[in-house]
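Chemist: Assembly of the complex is requested from the two constituent chains, each provided in isolation within its own frame, with the hints serving as guidance.
Quick note, the sequences are listed as chains U and A, same order.
In terms of the working numbering, the first sequence opens at residue 1 and continues consecutively.
In terms of the working numbering, the second sequence opens at residue 298 and continues consecutively.
All clues stand as given, with none of them false.
So the derived list for chain U, only partly shown, Cβ under 10 Å to chain A, looks like this:
{"hint": "1", "residue": "7"}
{"hint": "2", "residue": "29"}
{"hint": "3", "residue": "106"}
{"hint": "4", "residue": "114"}
{"hint": "5", "residue": "226"}
{"hint": "6", "residue": "229"}
{"hint": "7", "residue": "251"}
{"hint": "8", "residue": "259"}
{"hint": "9", "residue": "271"}
What the hints contain is simulated information worked out from the structure, not anything from laboratory work.
Note that CB positions come from ideal geometry on N, CA and C, so glycine has one too.
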Amino acid sequence: MVQSKKQKYLFLAFCLIPTFVMFSIFTLYPLFSGLYYSFFEWSGASQDKEFIGFSNYIQLINDEIIPMTIVHDYFLVAAKVLGIMVLALFFAVALTQLKIKEAPFYRIVFFFPNIMSVVVIGILWTFIYNPSLGLINSGLQFIGLEDWARPWLGSEKWALPSLVIPSVWAGIGLFMLMLMGGIANVSKSYYEAAEIDGANEWQQFWKVTLPLVWPQIKISILYIVITTLNGSFIIVQIMTGGGPNNSTHVMGSYLYEQAFVQYNFGYGAAIGVMILILSLVTVLILQFFMRRERVEY
Amino acid sequence: MKRTGIRIPLVLWSLAVLYPIIWMFIGSFKSNGEIYANPWGLPKSLNLENFTTAWTEYNIDTSVFNSLIVTVVGALLTLVLAIPTAYAIERLRFRGSQLLFTLYVSAMMIPMVLGWIPLFFLLARFNMLDNIYGLAIVYAVSQLPFTIFVLTSFMSTIPKSLEESAAIDGLSPYGVLLKIITPLSMSGIITVTIMNAIQFWNEYFMALIFLQTEENYTLALAIDFISSEAQYTNAWGTLFASLTIAIVPVIILYAIFQQRIAKGMTEGAIKG
Chain U
1 MVQSKKQKYL FLAFCLIPTF VMFSIFTLYP LFSGLYYSFF EWSGASQDKE FIGFSNYIQL
61 INDEIIPMTI VHDYFLVAAK VLGIMVLALF FAVALTQLKI KEAPFYRIVF FFPNIMSVVV
121 IGILWTFIYN PSLGLINSGL QFIGLEDWAR PWLGSEKWAL PSLVIPSVWA GIGLFMLMLM
181 GGIANVSKSY YEAAEIDGAN EWQQFWKVTL PLVWPQIKIS ILYIVITTLN GSFIIVQIMT
241 GGGPNNSTHV MGSYLYEQAF VQYNFGYGAA IGVMILILSL VTVLILQFFM RRERVEY
Chain A
298 MKRTGIRIPL VLWSLAVLYP IIWMFIGSFK SNGEIYANPW GLPKSLNLEN FTTAWTEYNI
358 DTSVFNSLIV TVVGALLTLV LAIPTAYAIE RLRFRGSQLL FTLYVSAMMI PMVLGWIPLF
418 FLLARFNMLD NIYGLAIVYA VSQLPFTIFV LTSFMSTIPK SLEESAAIDG LSPYGVLLKI
478 ITPLSMSGII TVTIMNAIQF WNEYFMALIF LQTEENYTLA LAIDFISSEA QYTNAWGTLF
538 ASLTIAIVPV IILYAIFQQR IAKGMTEGAI KG
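Okay, chain A solo, but in the shape it has when bound (with noise of 0.2 Å):
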């Protein structure tokens, strides 16, 4: 009985939650003039107008494809820098490995947006600013101390064994990573990677500073910019409907692997 007094925050949090994105799925369907007569109501009928807009005269298909552009090539990316370095911190005993780890490990609590400045001017002079391949490099290496940190400690559980017949039958160390460790680690590596894929496909801030032209635009930008545009030309339901396009992967991908995330997230999280 008393458990139903627990239950009314937890019903109104969920709410609190559920309602504002509903909204937003509901509202890529309305019209303007729906909107504005009654912003809690549902639509008249489910049009794709809205999508079809955001999609063809906002640019939007552009956006997606440059995000996704950057999300893969970034992820990967990510991987191949971490996955050796993690290896070689985990596992193999040289002198400074310590030291490494901490350096890679600190990295994660400065403010990066000190090193935006002087990125800027570094992305110029090596042509990749307003360069979505330039982005996904920046993307990439931002990602490489969480990458790490939570690479070493999954390789941490692989039996040292494994590796060590392996070798005995005559497989190089490349051999070794590429055979027994990165398929030994293939769980730690898809968390990883589908947390940082939706980092990279969420990210917004540095795409605003190292990207300029609209063909350039990550879906980030592209949906701060129709944000924008809707102060003046009142295209709100377009705005809603270029929000939904960009949280539908999201939530595919959240469905798919809710609970991978969720235990990556946190074990991410744990450090400082």
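The shape of chain U in the complex, shown without the other chains (with noise of 0.2 Å):
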């Protein structure tokens, strides 16, 4: 059968126009359109939209919850990096290579909590956290360190460490699996080689597993980078709200207050952009220092 280009011009159009229209409409649109958002004064009726330049940027460099909102992210995608990482390898390796019979069990139970929702898992530490009632203070009590029990979420020095027990809890499953795909296809022959050698378990882990995952481990930071920055607000506004007097407000926190809070959306649409910014130069310079040779033996 000879298809007449027409036809298949038909049939092209017929699987993009509708997903690219959806897409345009739910998608880009709004993305360009809160980059345009942000050069306006605006408190959501369409009358009042007033365009005022840069205002909104000139406002957010003298804002000063802004640099308290940047180091609280930061501060969430260091300790998430390092936490989720040094467990995640840990358990990939425990895993795949030193033969234990319930490894299946651990992966199952550990990958669990990130099918749970981020509400759920929010409101379930909350409670754990909570001064009268929580397991951490109660178990504290228990075993004798009432000294320790402390509102962990109501202070302004143990809040934001406190969302990061959760967010590692509930990531570390995803990382843990995307690392043993990457062990598993790290050829035997090397460890029977540096076995032979005379290499301990210990110096094989630095010598081949880990430059050998290296490309899943950047694949893994880079990714827990860009969630965290794009979406770490979500646990700060079910579990903190910001709070205590700002103390866990997050960029995107501090955006869904400013626009959907106080109806300042020029300025939150501000907030989105500087977001944006910060993110793809973080993933650049990240991408840059964590360029390294692909080791081939």
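Modeler: Spelled out as structure tokens, the structure:
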């Protein structure tokens, strides 16, 4: 059957156009008009949209909450990268290389939080941190460390670090699986050769596993960084709402507050642009520093 | 012998993962008195009062229904849009196919929160604000990049000869797509659909922004609402029960499709 050109183009249009139209309306258009809105002062009612040039950005530079939110975001990024990567790498190596019989059980259990809703995780952990009913304080009391008990999420000093634990708790499984996939692809002959050369397990990890799994490690780190900068506000919003006294506000939760609570939509859009720029720049910088020759043995 | 040392952290982390979840299940059967008296203890009896309270007084039934609609409509719409596009990008050579693929895939890296402000006004203009079908559309489009990404990689493994012989037998390109490609990519379609469905069932923030009235709340919003109510009413048992209601369907899906979900999540995660 020879298709005419016209039929071919019709089919191509049938395949591509509806999807592209929907994507343009609900993804591309909102992103670009987000940029556009950032040059307006706008409380949401259509009459009072006023073009104010870069004023939102000038306000952003002078807003003393903004630097705090950026610091909080990067604190979460650093803590999550460190916590998740160390534990995920440890578990991945333990479950693939050490011939543990019950490894499938751990694999299933560790991944389970990854399919739970962030609302459920957030509320569950808010409860675990609850000063009087929660597991942590009552547990500390039980083992005689009641001096350590404190209102975790209600304390300006402890609230932000307290958010790291549920984030790591919820994130490890996915990255463990990604790294396990990488380790499974490393040929056994490298380990055999290393063993003949007299390398112990620890040396094998540093000299064989780590360099050969580097691509997966790199992708995992980038992925944690992107998802944290773009999405850390969700857990913040659920667990602390940015408080106490702004001590846990991140860029996204501040955007939400400015736009959807205070109705400063233009200013919120400017914060959104800042998040976009910061995450793109961060990814570029990271990619530059994590560039490393692909290892071939 | 030395493996015991390795097992200790594995056992500890299993406890750290499982205990809070088990604690939540147990809590959903406890009365408030029991929760206050001993947070770590077991309930005296297995009473279902918390569940009935959540279901009837806090209208969890409506939100479960809303979440089901959003999940099913969203997941189906994602497929209807993504399958033809994935097929065209993967199999039909046309100018700009690589560019289009890059455009879709790079959308996965962009902070969507920037787009939510205009999206809010866009939905208002379309009369789709505070409307679960509007939310389902937004969900479906938000998962397009990921779905197209996964489906193109699945479709690349289908042998080309099958399409060619079907075309020689007189099947139209629409027929090839519907009767050859779609059934042959079924395993990829199922995997990505389960993941999308879990995503839609769990989603919280867009629902928070785009839904307003209680009768339109999805489950995520309903439990968030109960959670903030509980600060004043101390309905902790009810809160535990509604958290349990929210994760039971996901547990069932996970139990059935555990291997597929894990595989799909990691394949989908490898991006950027």
